[in-house]
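Trainee: Here's the letter readout for the chains.
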Amino acid sequence: MVLLFVEKPIERRITVYIYFLEGKMIMAEVAIKLEGKSKRSFLDDIKEIVPAGNLSLCLTCGLCSSGCPATGLFDMDPRKFLRMLVLGMDEEVMKSDWPWTCTMCQRCVYVCPMKIDIPQLVFNVRAARPRDQRPKGIRGSCDAAVNSESCSAMGTPVEDFIFVVNDVLEEYRAAQPEFADMVAPIDKVGAEFFVNQNSREPMTEPDEMVPLWKILHLAGVDWTYSSKAWAAENYCLFLADNENWETLVRRKAAQADALGVKTYLNTE
Amino acid sequence: MNAENPQNVQGSVMVVGSGIAGMQTALDLADSGFYVYLVEKSPSIGGVMAQLDKTFPTNDCAM
Amino acid sequence: MKIKFTVQDPCQIVRKSFGDAIAEDFRYAIKQAIGEENLLEMSPNKSNNYCCGGGGGFLQSGFKDQRLEYGRIKDEQIKASGATYCIAGCHNCHAQIHELSHHFGGHYNVVHFWTILALSLGILGPNERVYLGDDLKDVNVFHPETAI
Amino acid sequence: MSGEFKPKIIAFACNWCAYSAADLAGVSRFQYPPNLRIIRVMCSGRINPNFILKGFQNGADGVLVAG
Amino acid sequence: MQLTKQQIDYCMECGVCTGSCPISQERPGFSPRQMIKRTLVEPDGNILQSDDVWACLSCSRCSDRCPVGIDFPEFIRSYRQKAKVLANLPKESHHGIFQTITTIQSGTLHQNRTAWTAGAGTIKEKGEYFYFVGCAPFHNPVFKYLDLNVIDIPKNILKILNALGIEPVISNDERCCGHDSYWGGNEELFAKLARKNVETIVASGAKTVIFGCPEGYATFKEHYPAIVGDLPFEIRHISEFLVEKLPASEITLKKSVNGTVTFHDPCRLGRRMGMYEQPRQLINMVPDTVFKEMDNNRQNAVCCGTTAWMECSSCSKTMQTKRLMEAKQIGAQTIITACPKCQIHLTCAKSNTDIDVEVKDLYAYLAEQL
Amino acid sequence: MDKCIACGECAEKCPKKVTDTFNAGLAKRKAIYVEYPQAVPLKYAIDAPNCIYLKNGKCGFCAKVCPAQAIDFEQKEKTVRLQVGSVILAPGFSAFDPQKLDTYQYSQYQNVITSLEMERILSATGPYHGHLVRPSDKKEPSKIAWLQCIGSRDINRCDHGYCSSVCCMYAVKEAVIAKEHSPVALDTAIFYMDMRTYGKEFESYYQRAKDEKGVRFIRTRVHTIVENRETKDLSLRYVDENGKALEETFDLVVLSVGMETSKELAAFAGRLEIELNADNFAKTDCFSPVKTSRDGIYVCGAFQEPKDIPYSVMEASAAACWAEADLATSRGTLTKTKTFPVEKNITDEEARIGVFVCNCGTNIGGIVNVPAVAEMARTLPGVTYVEENLFTCSQDSQDKIKDIILKKGLNRVVVAACTPRTHEALFQETLRDAGLNKYLFEMANIRNQCSWVHSKEKDEATAKAKDLVRMAVARTRLITSLGQPTISVEPSALVIGGGIAGMTSALGLADQGYAVHLVEKQERLGGIALGLLNTWKGDNVPEKLAEMTKRVTTHSLINVYTGATVKASTGFIGNFETTLSVKGSDRLLKHGAVIVATGAQEHVPQEYLYGQNNRVLTHLELDRAISSDDPRLPAADAVAFIQCVGSRESKRPYCSKVCCTHSIKSAVRFKKINPEAQVFVIYRDIRTYGQRELLYREAREKGVIFIRYDLERKPEVKNDGDRLAITVKDHILGRDIEIHADLLILAAAIVPRDNEVLAQMFKLSCNSDNFFNEAHAKLRPVEFATAGIFLAGMAHYPKPIEESIAQAAAAASRAAVTLSKDRITVEGVVSYVKEFMCRGCGECERACPFNAISVQETDKAMLAAVVKEALCKGCGMCAVACPTGAASVHHFDDREVLTMVETAFEY
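Protein chains in written order, with the numbering used here: chain A, 2 to 269; chain B, 668 to 730; chain C, 280 to 427; chain D, 42 to 108; chain E, 134 to 503; chain F, 212 to 1118.
Next up, chain A with everything else stripped away, as it sits in the complex (with noise of 0.2 Å):
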């Protein structure tokens, strides 16, 4: 009994928006003003990429900020982040960290009475800021890996993967003797399954691979890792950096079907 979960690359429109932003946002008791023609905001780009998640429907009804963890974080909360939308407060908005703590859970949108896309419009508002800007954790996991051949978000090198498995692998059919023609195939070509791993493990816990491979062994799968792209995670998502985002996930895309692997095990 494993879990599957095929990743489907889908096809957005991004609109890229340039601020400059200096410090955090302080919410000081300026009043907001809005006069005449509204200038071009999230607003209206909204409503071209998500029609059914059309932000100014919202009602204020709190239902989103009264199931979100993340509320309070930042002074802040789904409905109010919302509603500075709604208001074209886009550059309070960018300043602003909270949309950086949004796990994308979807719990708001989930009960939402409008069926308001809030996850997409974070992602939307990640994707505004200056990439240089967003958090560092995330940035540098993203340029890493989209930096390594591995797409491992810690820049783990290829040798350095096949080298762990290989060792690790060694190392239990030696000592269990059970295990003794267990595998942990890289690069097996028209394998079953294409197996990925959170670069987490190689890197500083390998025993805690062994416990997947155990079972995909005790179930006769026919698997593979892949030498390159076989990292899981894609932090370029988190970052909203939709390019590189892209890439990576036609990568790893890429290296399933050049190994012929019929399906592509995501263990994320």
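To be clear, the hints were calculated from the coordinates, so they are not data collected in a lab. Any given hint could be a false lead.
Said to hold, decoys possible - The following label-pair restraints were derived from C-beta to C-beta distances: (1) F:Thr232 x E:Asn245: 53 to 61 Å; (2) C:Glu355 x A:Thr248: 35 to 43 Å; (3) A:Thr248 x F:Lys311: 36 to 44 Å; (4) E:Ala359 x D:Gly103: 57 to 65 Å.
Claimed, not checked - Below are the DSBU-like pairs computed for lysine-lysine, each with C-alpha atoms no more than 30 Å apart in a straight line: (5) B:Lys721 x F:Lys443; (6) E:Lys224 x F:Lys1045; (7) B:Lys708 x F:Lys667; (8) F:Lys443 x C:Lys310; (9) A:Lys229 x C:Lys310; (10) D:Lys49 x E:Lys325; (11) F:Lys989 x B:Lys708; (12) A:Lys116 x C:Lys295; (13) C:Lys358 x F:Lys474; (14) A:Lys137 x C:Lys343; (15) F:Lys311 x C:Lys295; (16) F:Lys748 x A:Lys116; (17) E:Lys483 x F:Lys989; (18) B:Lys721 x F:Lys1084; (19) B:Lys708 x F:Lys269; (20) A:Lys116 x F:Lys455; (21) B:Lys721 x F:Lys350; (22) E:Lys224 x F:Lys1084; (23) F:Lys940 x C:Lys295; (24) F:Lys1045 x E:Lys215; (25) F:Lys649 x E:Lys224; (26) B:Lys721 x F:Lys424; (27) F:Lys1045 x E:Lys277; (28) D:Lys47 x F:Lys667; (29) F:Lys940 x F:Lys862; (30) F:Lys913 x A:Lys96; (31) F:Lys1071 x E:Lys461; (32) B:Lys708 x F:Lys228; (33) F:Lys913 x A:Lys116; (34) C:Lys281 x F:Lys443; (35) B:Lys708 x F:Lys266; (36) D:Lys49 x F:Lys667; (37) C:Lys295 x A:Lys96; (38) F:Lys424 x F:Lys862; (39) B:Lys721 x F:Lys862.
Quantities reported herein were computed from a predicted structural model and do not represent experimental measurements. For each residue, glycine too, the CB sits at the ideal point set by N, CA and C.
Dock chains B, C, D, E and F against the given chain A, drawing on the hints supplied.
Mentor: Coordinates of chains B, C, D, E and F only, in the frame set by chain A:
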């Protein structure tokens, strides 16, 4: 109904549903000279109002 | 076995993808491994489960205080369930919940789904037990001599 | 005289509410002591204080006006 | 069979009775002379079936003037007993609530009729003086709708008595004096009440019983002896009592502020008890009182329109309105009454006319100036 | 069914327990049942799918125990063909099933209930007999929460974009009633989006609930309910308006479920070929709000749109009105009137009373010793005949009673059986058939109020039955024949007010063939609608109004008086005489009914720079500006609306009902003309009830921005050079927003006209807001307490065109009930006054709730009270108020009542 030939107009009305609206319309019609067929699918008349406890804003008993 | 488990439904595959149906499959597997009587549900759960706070890049974003605050509900939920183990089906959940337990002094353990699966199959070696608590450290150990 | 005090009670009941409530008690088979006598009036506004005093004068131990 | 005090067959058919009867003036067909005459022809005749038997006010204006001294009120009273047997019943005012209260009082009723004294004055359980309060505690709730606090009458009397240094006995066991049942043709009930009252008073050890209400006073004096024999205590009306005691006391009264006042003689106090002057003396004790008599005063005074809580009708109202107009015509601003019922009836009439005369109880008039 | 005597033996014996749907599933009932004890008809029915006999042919206990042989298992569904002139659909609604909302776990958590279940819990006839307890452990709750908009205003989880219109008000009511039921200081909280208390007296009810009763109103929604496994208490997490996350635990959570049209009903509509709208409600338009898409088929109630009781009742009468107009030529062709023999005069007869004691099968006879009761009855004075029956109410018994009355020369009848509430009319008819006046009848209630309630104390029950019979006989000796006067009816109506409501009423009556006098104060018909452009559904008001005006002015049965006012009026139902002042000269009219449709007007605002800056307009001024092509409108880049201007404030506490819709409709219009324009609606609660919610959604979709303000902090409006500067605090961000607007539209309140004059003239009453008071807020929404006078349109309360039209047609229908009769029969149980005994004090007049008694000058120049029998309801308030005994009530005079007191206890 036959608008062209008023002689053929039936002096009867079928009312479907016997909640508060159905009963009122049936009473009005019967009280002013029309034969009413009141049709209800449950065994008694009264509809949802009979299930209510009190009614707003007067807090009158709904029964 | 009298140890009680609870299960964290990953937002990605449950609410966002396959809904309650996959959550049920997930439970089926877990119950096979630990025994139905040992599964304590959090509430809400399945499609309406609370996110742990590890996803969406939150773990890497650098806002640690906020992230732990975010996870407070999850921590409370796990504690309220009465379980001492939380089974996670997702790397991020695993990492976040592990940290929550430590941060809020919950003293519950978090284990990967397949760790518990392997444990129940009796194939879990001593080095693969980093995340098991003392009560399970020595259960069904596979080749104890391989301990490092 | 048995030891238990069984008060004689006269009730004036409005035709439109209390009297129908007493009917309903019957339909629902509620049981209550049999020492109550209900007198139907068209409205509890019909009860003047003398009706109540007359009840006492005629030996009632309690008079209930319900409407 | 004793029909009347003075046999009606003395009647000379002179018609003075009908001429002086205030009812005859207002009620079509009502005539004392005719009633006597018809009864002479047919003793148990149609008078027993007629409403007229209940219409008489027993105001005694007729008997007071009758050249042969026929006691018409007593005649009518005796016929009322017979009429009742034949189910010819009076139209009881206020739905008969006072009749019922009277009946209930004849039984073993625990009353609370002294609560009003709290804050009004001091009373005793035993003592020389017994103040017989009468029905005011029962009137009070019924006549709230007239903005009338009937209970103020006993309150004021108690205040005056206390001022004189008298702390009277007022008893929870007091019963209705029976005046209304007597005049309503219910002698049996009357006798029960009379016995209970005398018993209560005797038990209090009182030597003197003071009455504020003329009806109680007259009833005790005129009708109790027939039931209980000679009364073992003295009977005093508050007005005669005060006329005697006030001047001797240290009480000084303040000046009147009521403008021109006049006095309405209660039938029981005046014609039946002959007490015309004492109330007037009391009124004039108040310094600066401007007192004027109405045209009909003393023996000629006209009844307040209703007796024994029955047969209140448009005829009663006309009498009351006329009486108020009489006061108005002589320029009185205030009409002083000395009977709670007179005050109630005149106040009622005033409340649905626009006659601008104040109706005030004599003892309130006095107590105000204490 | 005719045989069933509703004794309940069958249900007692039925072995099959079934979930009781009437009690919203909170209780069990049997498979043979009456829905509820007061059900009409009170007949037991078999729940076929659950009946053991009907399923496998065994059981049949019910048939064995039925004393009336009323059970017939052979009955089959039959198809009946009806030939009818018109069809009126009043099939109602289904309550939304919240099971699929997994965040609320309705089916899993016992203490999460629907509002309908709450109604049953609160009801004295409900599963807990009105004792407020929660389902899980029957404990009295100390904290209850209501969650609003469950299954309404939601396009994500249930596809019901509309508002269900009634839930806000019923939740407030349930909270208030629950507090009254609770022995503890119950904490109640209502979680809501917009509090939609838009109806008459609703807002003040809401305010009272909040301020006096302490119901908490929390403007937010709850995402998830979490149950404590042990206590079954329910924890709710919510965020308040400032964004603060809170958690509260409640004992009971009520889901305020909305209304929907069931699938079966939608399918039925399909078979009838009537059109439904996107939300599956019957499609109608504002100017014919009860007319379906198919001629001759009308609709009323919640099948047209979610709505409350009074509006359903209005529509019901409106539908009747239009059906009556369609079928006017055949009125009375299918109805029959029964005839009776001439009544015997018994005035001078001695009482000859017949007493019939019913066994009611074993219902009475099984407990009460019926022979002993009959024996006792024989000894009572006046009784000349006594008989026992198995069922006194059966048809053969009726024939027998009739026979005996004639044979034995009875002149009064006592039946000792069930209750007069259900059976008096039947026996009275038997008396009439036998030539006796129907008032010579009396019942002794020895079943419902004796054998059934003392079933374990047979001796005492027998003694009581004897007393009840003795009391009834004593009273019967005194009762007399009563006349039932009839009064003639002038078959025409006076309609006061020539607006949409007045014209609708006039047409409704005239189309049915009754003459109408339509009086309008202005020179032109149309009223306030003359200033309106469109309805919210888009109907063109000027066009429709012109059509309507033309029909009215050309109708042969309608006399229109413009520039006319009502000067004086006398008379009563069927016979009014009214003097009109038409352009200065008087005109006397006779008519049988009155419809008051005098409308209302727009409040003149005193704030927000109104009257000082010409960029500030009211709604009517806006509509006028639009129709006169005011160039400022298309040029406006930013437009703001401020709601509740003059409404919902201490001075005018009611909600004006129409303004939210009008503002939003206008806002959408601005957006349509110029999508780039910024449009703001500054509001307190958006009250787009029913399908108006779709308009609200459209406005948001188009980018209209809605900002909520509190009464404590109203928006500020200043001049800003050429424009207006409006400052308002945003309700979500808690920060001031400054709007620079080219136009400001004020949603000015709807205020009553000077209703006092008419109120005095027709003795009508007004509420504290000065709108006319209907006879009953729920059940008689178009009539006054005074018979023969009806109410329609905004004189009753602010309302949109479709509701005015429905109410106006309803008023016409109610008036037609009177006008369709040649004579009206008045009940005999009415008050009377002995003139001589009357002092003319007026206490009766003050006491009468129906204006049926008044003091008048007599021939002898005295004052005396006079009863208008046509208006009297026989309640006897006047008799009690009368100090002399001049006023009394036939059939219930002091002696007739007191004799029962006197004979009550003789055992």
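Trainee: Hint by hint, note whether the structure agrees.
Mentor: Hints, one by one, checked against the model:
| no. | hint | result |
| --- | --- | --- |
| 1 | F:Thr232 x E:Asn245: 53 to 61 Å | holds (56 Å) |
| 2 | C:Glu355 x A:Thr248: 35 to 43 Å | holds (40 Å) |
| 3 | A:Thr248 x F:Lys311: 36 to 44 Å | holds (41 Å) |
| 4 | E:Ala359 x D:Gly103: 57 to 65 Å | violated (39 Å) |
| 5 | B:Lys721 x F:Lys443 | holds (28 Å) |
| 6 | E:Lys224 x F:Lys1045 | holds (11 Å) |
| 7 | B:Lys708 x F:Lys667 | violated (38 Å) |
| 8 | F:Lys443 x C:Lys310 | holds (25 Å) |
| 9 | A:Lys229 x C:Lys310 | violated (36 Å) |
| 10 | D:Lys49 x E:Lys325 | holds (26 Å) |
| 11 | F:Lys989 x B:Lys708 | holds (24 Å) |
| 12 | A:Lys116 x C:Lys295 | holds (14 Å) |
| 13 | C:Lys358 x F:Lys474 | violated (44 Å) |
| 14 | A:Lys137 x C:Lys343 | holds (13 Å) |
| 15 | F:Lys311 x C:Lys295 | holds (18 Å) |
| 16 | F:Lys748 x A:Lys116 | holds (25 Å) |
| 17 | E:Lys483 x F:Lys989 | violated (43 Å) |
| 18 | B:Lys721 x F:Lys1084 | holds (25 Å) |
| 19 | B:Lys708 x F:Lys269 | holds (26 Å) |
| 20 | A:Lys116 x F:Lys455 | holds (23 Å) |
| 21 | B:Lys721 x F:Lys350 | holds (22 Å) |
| 22 | E:Lys224 x F:Lys1084 | holds (25 Å) |
| 23 | F:Lys940 x C:Lys295 | violated (36 Å) |
| 24 | F:Lys1045 x E:Lys215 | holds (25 Å) |
| 25 | F:Lys649 x E:Lys224 | holds (28 Å) |
| 26 | B:Lys721 x F:Lys424 | holds (17 Å) |
| 27 | F:Lys1045 x E:Lys277 | holds (25 Å) |
| 28 | D:Lys47 x F:Lys667 | holds (17 Å) |
| 29 | F:Lys940 x F:Lys862 | holds (24 Å) |
| 30 | F:Lys913 x A:Lys96 | holds (27 Å) |
| 31 | F:Lys1071 x E:Lys461 | holds (24 Å) |
| 32 | B:Lys708 x F:Lys228 | holds (21 Å) |
| 33 | F:Lys913 x A:Lys116 | holds (16 Å) |
| 34 | C:Lys281 x F:Lys443 | holds (25 Å) |
| 35 | B:Lys708 x F:Lys266 | holds (21 Å) |
| 36 | D:Lys49 x F:Lys667 | holds (19 Å) |
| 37 | C:Lys295 x A:Lys96 | holds (28 Å) |
| 38 | F:Lys424 x F:Lys862 | holds (21 Å) |
| 39 | B:Lys721 x F:Lys862 | holds (29 Å) |
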